[in-house]
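Number of protein chains: 2
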Amino acid sequence: MPQYKAPLRDIRFVLYDLLDIEKHYSTLPGATDLNAELIDATVSEAAKLIETVIAPLNRSGDEESCHWSAEGVRTPKGFKEAYKQYCDAGFCAISADPEYGGQGLPPSLQLVVSELLSAANNSFCMYPGLTNGAIACIQAHGTSEQKQTYLPNMIAGTWSGTMCLTEAHCGTDLGLLRTKAVPAGDGSFNITGEKIFISAGEHDMADNIVHLVLARLPDAPAGTKGISLFIVPKLMPAGGGKTGERNNVKCASIEHKMGIKASATCVMVFEDAKGYLIGEPHKGLRAMFTMMNVARIGTGMQGMAQGDASFQGALAYARDRLQMRSLTGPKAPDKPADPIIVHPDVRRMLMTQKAFAEGSRALAYYLGTHADMTMRHAGTEVAKQSEAMLELLTPICKAFMTDTGFESTNLGMQVLGGHGFIREHGMEQLVRDGRILQQYEGANGIQSLDLLGRKVLANGGATLRVFTNQIDAFCAQHESSPELKSFVDALKAHSSEWHTLVGDILQRAIKNPDEAGAASYDFLSYSGYVTYAFLFARMAAVSLAKIKAGAPDADFYQAKIYTAKFFYDRLLPRTRTLVQTMGSGSANVMDLQDAHFAF
Amino acid sequence: MPQYKAPLRDIRFVLYDLLDIEKHYSTLPGATDLNAELIDATVSEAAKLIETVIAPLNRSGDEESCHWSAEGVRTPKGFKEAYKQYCDAGFCAISADPEYGGQGLPPSLQLVVSELLSAANNSFCMYPGLTNGAIACIQAHGTSEQKQTYLPNMIAGTWSGTMCLTEAHCGTDLGLLRTKAVPAGDGSFNITGEKIFISAGEHDMADNIVHLVLARLPDAPAGTKGISLFIVPKLMPAGGGKTGERNNVKCASIEHKMGIKASATCVMVFEDAKGYLIGEPHKGLRAMFTMMNVARIGTGMQGMAQGDASFQGALAYARDRLQMRSLTGPKAPDKPADPIIVHPDVRRMLMTQKAFAEGSRALAYYLGTHADMTMRHAGTEVAKQSEAMLELLTPICKAFMTDTGFESTNLGMQVLGGHGFIREHGMEQLVRDGRILQQYEGANGIQSLDLLGRKVLANGGATLRVFTNQIDAFCAQHESSPELKSFVDALKAHSSEWHTLVGDILQRAIKNPDEAGAASYDFLSYSGYVTYAFLFARMAAVSLAKIKAGAPDADFYQAKIYTAKFFYDRLLPRTRTLVQTMGSGSANVMDLQDAHFAF
Chain A
1 MPQYKAPLRD
11 IRFVLYDLLD
21 IEKHYSTLPG
31 ATDLNAELID
41 ATVSEAAKLI
51 ETVIAPLNRS
61 GDEESCHWSA
71 EGVRTPKGFK
81 EAYKQYCDAG
91 FCAISADPEY
101 GGQGLPPSLQ
111 LVVSELLSAA
121 NNSFCMYPGL
131 TNGAIACIQA
141 HGTSEQKQTY
151 LPNMIAGTWS
161 GTMCLTEAHC
171 GTDLGLLRTK
181 AVPAGDGSFN
191 ITGEKIFISA
201 GEHDMADNIV
211 HLVLARLPDA
221 PAGTKGISLF
231 IVPKLMPAGG
241 GKTGERNNVK
251 CASIEHKMGI
261 KASATCVMVF
271 EDAKGYLIGE
281 PHKGLRAMFT
291 MMNVARIGTG
301 MQGMAQGDAS
311 FQGALAYARD
321 RLQMRSLTGP
331 KAPDKPADPI
341 IVHPDVRRML
351 MTQKAFAEGS
361 RALAYYLGTH
371 ADMTMRHAGT
381 EVAKQSEAML
391 ELLTPICKAF
401 MTDTGFESTN
411 LGMQVLGGHG
421 FIREHGMEQL
431 VRDGRILQQY
441 EGANGIQSLD
451 LLGRKVLANG
461 GATLRVFTNQ
471 IDAFCAQHES
481 SPELKSFVDA
491 LKAHSSEWHT
501 LVGDILQRAI
511 KNPDEAGAAS
521 YDFLSYSGYV
531 TYAFLFARMA
541 AVSLAKIKAG
551 APDADFYQAK
561 IYTAKFFYDR
571 LLPRTRTLVQ
581 TMGSGSANVM
591 DLQDAHFAF
Chain B
1 MPQYKAPLRD
11 IRFVLYDLLD
21 IEKHYSTLPG
31 ATDLNAELID
41 ATVSEAAKLI
51 ETVIAPLNRS
61 GDEESCHWSA
71 EGVRTPKGFK
81 EAYKQYCDAG
91 FCAISADPEY
101 GGQGLPPSLQ
111 LVVSELLSAA
121 NNSFCMYPGL
131 TNGAIACIQA
141 HGTSEQKQTY
151 LPNMIAGTWS
161 GTMCLTEAHC
171 GTDLGLLRTK
181 AVPAGDGSFN
191 ITGEKIFISA
201 GEHDMADNIV
211 HLVLARLPDA
221 PAGTKGISLF
231 IVPKLMPAGG
241 GKTGERNNVK
251 CASIEHKMGI
261 KASATCVMVF
271 EDAKGYLIGE
281 PHKGLRAMFT
291 MMNVARIGTG
301 MQGMAQGDAS
311 FQGALAYARD
321 RLQMRSLTGP
331 KAPDKPADPI
341 IVHPDVRRML
351 MTQKAFAEGS
361 RALAYYLGTH
371 ADMTMRHAGT
381 EVAKQSEAML
391 ELLTPICKAF
401 MTDTGFESTN
411 LGMQVLGGHG
421 FIREHGMEQL
431 VRDGRILQQY
441 EGANGIQSLD
451 LLGRKVLANG
461 GATLRVFTNQ
471 IDAFCAQHES
481 SPELKSFVDA
491 LKAHSSEWHT
501 LVGDILQRAI
511 KNPDEAGAAS
521 YDFLSYSGYV
531 TYAFLFARMA
541 AVSLAKIKAG
551 APDADFYQAK
561 IYTAKFFYDR
571 LLPRTRTLVQ
581 TMGSGSANVM
591 DLQDAHFAF
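If you're matching them up, the sequences are chains A and B in order.
So the first sequence is numbered by my numbering: it starts at 1 and just counts up by one.
So the second sequence is numbered by my numbering: it starts at 1 and just counts up by one.
For the record, the hints were derived by calculation from the structure and aren't laboratory data.
There's no promise every hint is true.
Unchecked claim - PhoX-like, lysine-lysine: derived pairs with alpha carbons at most 20 angstroms apart:
{"hint": "1", "chain 1": "B", "residue 1": "Lys511", "chain 2": "A", "residue 2": "Lys331"}
{"hint": "2", "chain 1": "A", "residue 1": "Lys180", "chain 2": "A", "residue 2": "Lys84"}
{"hint": "3", "chain 1": "A", "residue 1": "Lys274", "chain 2": "A", "residue 2": "Lys147"}
{"hint": "4", "chain 1": "A", "residue 1": "Lys274", "chain 2": "A", "residue 2": "Lys84"}
{"hint": "5", "chain 1": "A", "residue 1": "Lys511", "chain 2": "B", "residue 2": "Lys331"}
{"hint": "6", "chain 1": "B", "residue 1": "Lys331", "chain 2": "B", "residue 2": "Lys84"}
Please read all numbers here as calculations on a predicted model, not as lab measurements.
If we strip away everything but chain A, and leave its shape as in the complex, we get (with noise of 0.2 angstroms):
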């Protein structure tokens, strides 16, 4: 595979052609003097180290994996030194609170460069992941006391985060964690419990470690009302930044991985280690999910970062790899065969995969633009507006991201043939790195759960409306432009559609709930490919306006078209068979009993 290349010149079409990111950072608390040099400078400087430090570290990383001992976790060799640079250059958190160090900018910014940082390896990725999660949870739920105590260091990347939430038993339902927190007297509490799949739970890289852990309060009531949250730091602060004694908190063991194997994926116990609530007793969950809602859009980005980085492995190997003719006739006839980019299947996979990169991307960064507004104009009419959009399209970015992603890595290994399949090519890597994506954070299951019922069905679709009539003011807008007329009829047609499934579903559930269950998954596809066509017609309208206006890189314009007209035309029918297996009922799935799926 060759070396990863940050796609620049597509990153900055979706900043400035497709979100207008300059007006909008005009208006936005704290960024308003971000102009496109400003914006420019960052990620240049930003896919420059990622690049050239942290992108050789990846197939390094997995053969190497991390190793455990009672000492502590041992992470690949160079990533502690990368690690040091990526923080010195102050990526750790860059949209960070300034009163704490941080740079301030927006969480958009922040999530292109974690697309950069996850295409160049993924591993590396989850360790600034976690910390910044954990930041945000203690930002916005923390005392001023415990932002001041944990926030410079974090966000120096000098101490790192996790988040602690699944057991053993539970991990989608988190109703059921046993881990206890018992008021030690002095206003700290101690935990006590196992958890599960924590990532950066323990390792060599930061001075110091600062779980955020669920736990029950021992007054706490059955279920999820009954989860607090606690920091947990592994050495404990001894003021003015520095550490002191050792806390009873321990990592058991690592886990051994499909993928993501430079990611130490830890099994943490707690033996009365001292914590301190955070946020209010008893609503833990509520605080962690400030993390999680972010960490899905991100999540989603990861999906997306390692289809783009198996795009472009898959395209160089295309364009250089000699076997056939065309069908058309020699195309190389000064070689002994055409290189296989001349294939019609080949470029399907190439085309797929380039399509998939650039509606996840643009959709990834819309919702980086809501996300700016959930947190810099908080409490406005205009963030709830944002907050809304975020609801409904974040379990579409987490799964529907981490899907095409997943098929998008699988056609990159396939363009390869046979080699595809050898490690040191790095192409299978991405398929190993990338499977986790579709599990973690919620499994996809669970997503398509969330967004058909709680964001859809909760409210009979009133927050899709918001969104559809988005869809068909764009289509009004531009039902009269012959160049673009197919995508509008497309766009209108399941626009509508769309709402037509949500009765049709709402109705079918108010008789019986599974009806929803048996829909949902479908329905999140759905929601996803007619998400991208919005997207998708909305790029090729600008690319053909900057065609018109007689841009320099017409080249590249067109090229959005073309791979609009490619998603019109060989993805978004993927919904004409989603329509009829989502209306065909839930008994398909349910009739059969437990006892006869095998004999």
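Starting from the known structure of chain A, fit chain B onto it as the hints suggest.
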């Protein structure tokens, strides 16, 4: 993951109820004495050995993998002993010619055993699999002396076999191959060249390895019409089944792969190695395809087998794992949560796995009966008809069964949530071990070109018509059955639509061959769904008849009908998308210039 259990009940259903295999064998030369008792005994004995001896080596083999040194390749602990036990029990080549020590059982029965072996341990199954291919080739093309020299030891399993096709610069495009064969003057040839991706090229389980090597004679025409096939033994046969001096062939290294890590994938270097021509000069590719066609059915079977093993693991987990309550109220009120099999979306995943496994088993075993006919009735009219069916359905079997098998292993892994990503559970290994199947033995994109170009368009759909005539006859026979009406209606529509699609693509392809290339993958998938639909309708009809006749295990037959209904409701509708994408033409993949795929 639970210990693999051979799905004997479903195997018996396909053999006896669907295929009426006793009747089939009753007129098959060399198999007329095979009755249910003998068949069951053979399959049960194989199942027992595979479940208890070979399945337990699957995880450990993946972790240990193969190790290369200049002395040779060491297979994982236990492989050598298990291989000996497997061969000693007579399973290495049970369908081989009794004249050379084989049991002479029909190929269809060997295929059943190969399913179990692959499901239990896909790495392990590569070794006898390759040997079987080499046996078939020598049997078909070798001289009497060659057969006498090589077959007895290969059939006993003390010598193993390989297929040496691929070179670094040519996989699909074998016309480019460079390995040379120079006459040595004594009737033998000196073979020089380097082959890659040679499964079982070197290992420690057999006393000798018999390589079948594609190479060019000095006077060979360029391209695929100048390729000859040679037998190149690792150790020279010294008569009486003994071995003599070492030949000049060595394993230079082994590949580090995503999966099937216990299968040695070798770089083989031939330096004036002694080889013997097998078959006619310049007709080696045709001879090699004797092996390839059988290998492709076997590869499809491997895809199904990985999916079925994954289904077993996912089903056990879904029955055991307690998480959340059913949307329709608690189903296990005495437990802290319901087993996840109550959730419709979990059932969607399990039913998909079940349907793909059962549809695939039906297809593969059906092809097995045609393989019987072509081999045991060679030269007759009935063999020609079977050959035509095999030609049409083999690319579907190879590609569609490995695509759906891969989908299935991923669904199975998904059922386990985060636990699916952990190696010890074995679910992710099935994903990795199955992934190569879409790539080797002719990548699935190549299969799709073979199907659409050579097997369908080249004869204007005539062979396909023979197959759809069977479908139409089935529909005519059952169209008045109220229970089967929904199956028959959908099947009839697809049978007719299939030809409409062929006509449409043919018309477009005459003007522009890329139209075929751009439609090929979707056409293969479409063909797969319709083929399975036919098989599921037949299985439903058979099951319905059994229930009506008062069969004692009505639950089994009822489950089969539910599975058929699930297939028709939830999987067959994928053809709705494929019809659209196939019809969308080649411009959407061809218009974008190579240089504009990335900026």
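Structure-based check of all given hints:
1. The hinted pair formed by lysine 511/B and lysine 331/A meets the criterion: a straight-line CA distance of about 18 angstroms does not exceed 20 angstroms.
2. At most 20 angstroms may separate the alpha-carbon atoms for a hinted pair to count; lysine 180/A and lysine 84/A exceed this at roughly 35 angstroms.
3. Distance hint between lysine 274/A and lysine 147/A is fulfilled; the C-alpha atoms sit about 18 angstroms from each other, no more than 20 angstroms.
4. Distance restraint check for lysine 274/A and lysine 84/A: the Cα-Cα separation of roughly 28 angstroms exceeds the 20 angstroms cut-off, and the hinted pair is therefore not satisfied.
5. For a cut-off of 20 angstroms, the pair hint linking lysine 511/A to lysine 331/B stands: about 18 angstroms separates their Cα positions.
6. A C-alpha spacing of about 49 angstroms is found between lysine 331/B and lysine 84/B, which places the hinted pair above 20 angstroms, so the restraint is violated.
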